[in-house]
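Order-wise, the sequence lines are chains A and B.
By this note's numbering, the letter at position 107 of the first sequence is numbered 1507, and the numbering carries on one by one without gaps.
By this note's numbering, the letter at position 249 of the second sequence is numbered 1649, and the numbering carries on one by one without gaps.
Since the hints were made in silico from the structure, they are not lab data.
Honestly, I wouldn't trust all of these hints.
Since the list gives no way to pick one copy over another, a pair counts as held whenever it fits inside one copy or between any two copies.
[What the hints assert, rightly or not] Subject to a maximum C-alpha distance of 27 angstroms in a straight line, what follows is the list of computed BS3-like cross-link-like pairs (lysine-lysine):
{"no.": "1", "residue 1": "Lys1406", "residue 2": "Lys1453"}
{"no.": "2", "residue 1": "Lys1561", "residue 2": "Lys1626"}
{"no.": "3", "residue 1": "Lys1577", "residue 2": "Lys1453"}
{"no.": "4", "residue 1": "Lys1617", "residue 2": "Lys1406"}
Given the structure is predicted, the values throughout are model-derived calculations rather than measurements.
Number of protein chains: 2
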Amino acid sequence: MINEVKVFVPGHITGFFEIIQNANPLLKGSRGAGITLDEGVTTTCQVYEGNGKLNIGVNGKYDKFNTITRKTIDIITDRYGVNLEDYDININHELKLAIGAGFGTSASFALGVSCSLPSLLGVDITFKQAGEIAHLAEVSLSSGLGDVISEMYGGCVVRLKEGTPVNAIIDKIQITKPIYVITKTLGSLDTSTIIENPVHQMRINNSGSLLLNRLMKNPTIENFIKLSNTFSTNTQLINGQLDEIIQQLNEESIGASMAMLGNTAFALSYSPDTQVDNCQITRLNTSGIRFLE
Amino acid sequence: MINEVKVFVPGHITGFFEIIQNANPLLKGSRGAGITLDEGVTTTCQVYEGNGKLNIGVNGKYDKFNTITRKTIDIITDRYGVNLEDYDININHELKLAIGAGFGTSASFALGVSCSLPSLLGVDITFKQAGEIAHLAEVSLSSGLGDVISEMYGGCVVRLKEGTPVNAIIDKIQITKPIYVITKTLGSLDTSTIIENPVHQMRINNSGSLLLNRLMKNPTIENFIKLSNTFSTNTQLINGQLDEIIQQLNEESIGASMAMLGNTAFALSYSPDTQVDNCQITRLNTSGIRFLE
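Build out the structure end to end from the sequences listed, making use of the hints.
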């Protein structure tokens, strides 16, 4: 079917970060570091000639409250002057990751749409321009500040300069052998209530900026997870039950910390085994977004 | 074996480019656009405690004239103060692509070494720092000016700002469905004699800078190959025999042009079939460098 595009966008866990405020949404964002996962969101986008029907689903179920998908569509139509009344559109996001648990799923939803919908509407944009649209959707809803660019490139991404993927600067920690990501989710956290709270902002930024410098002086995956753990302590975002799981995971892996921002523990390991019950185990993704046949 | 790293670096074909001179090798490079291939170079690097033995092979055969590999090693040892007398090193590059035929193999050799050797010597560097070393090796030998960064990221890479991968800026043309690259090589061209020649430089730069702007205004794979074809005509680098093959390939594909710089025709196609004899057919790579287990 010529009028369908399918794209896999990896999930992303931020280890530590610093919020960079700016009145211009193109320049607002975050610096920090995180890892992407071989689990993520597969978005299927279908466009037909029609009269303005829009169907948004998650795992095949109609989801009219998927605000990030709607926001991304709005940005595309506004920027490129597309009249949606001429089309019928079906968008479905398939995922196994928990939503709101620190896996960057809102960014994956946004990128799934911004990478697939424009070309189906006859609008040709580049990879970074598609990323910019997704970043703007994220920033305007405060659902994320740095997941988009990391999910585009994959790996252990270090975000050195904030902003949309057109303006931002990244680097990557080299990962020369397979790494497993072991996660355990206790529930969700609302990203926007934390990143818009001044007390949280202060603690996050005081810790995040120092840690980024320390990672670049010693750019290894071992150091990344150690610094992430320091961040989770410094920012006081961690709770007792999660802390206990992180300590358990820490003993049997390269290291463990809290997913920023979600009520989720994550560990990095050279082996897919763990003694902790009911974990989700996936490979660390190293290649970012992938279009599917 | 803990002291071995194996990395696949895709080959790269430049469609059109512009040479940017600079006395500072960190800022010298090129702008332009090209595509990476699922064929490339697999570099295996082994490091042991030893007394300075260095073995460089290509397809398993000892190759003492592999200057790009030696240059890359020299840059690493100089930058990070490594004494090679303490180690024995084996490096082998496996490839099926022709060398000197416009497939960016020298950049693949350099990246294969710069992404694998440092960590084995206890030197931790980032992805872009490894790319910087490879770019410096390429520029100092005039064996290439832009292949390194394209091979790092994969896809149809547009090089918007020149320099090492730390300084440079890229974007990508979105490729939402599989594309095949059909190539036919008539022989080699020496990159350095062309890019150091003032007449060639002038023709290349006059054409290259205009085409880059035209690609960004209409960023599609169809436009990329059309503009590449225009470049091959404008620069007068193409010969009669190659031109004939390109015209044949052009009729049965999205479009065809000459690999810059090699005596090689390449076509992009949605199908892996061709009427032209003795072609090499590979998929367009979209994910760049990949470490192997």
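Tested hints:
1. For the identical chains of this complex, Lys1406 and Lys1453 are intra-copy neighbours only, at 20 angstroms inside a copy versus 50 angstroms across copies, given an alpha-carbon limit of 27 angstroms.
2. For the identical chains of this complex, Lys1561 and Lys1626 are intra-copy neighbours only, at 22 angstroms inside a copy versus 35 angstroms across copies, given an alpha-carbon limit of 27 angstroms.
3. In this assembly of identical chains, Lys1577 and Lys1453 lie within 27 angstroms of each other by CA distance solely across copies; the values are 25 angstroms between and 46 angstroms within a copy.
4. When the C-alpha separation of Lys1617 and Lys1406 is checked against a cutoff of 27 angstroms, the pair qualifies only between copies, where the shortest distance is 25 angstroms, while the shortest distance within a copy is 39 angstroms.
In terms of the numbered hints stated before, the structure departs from none.
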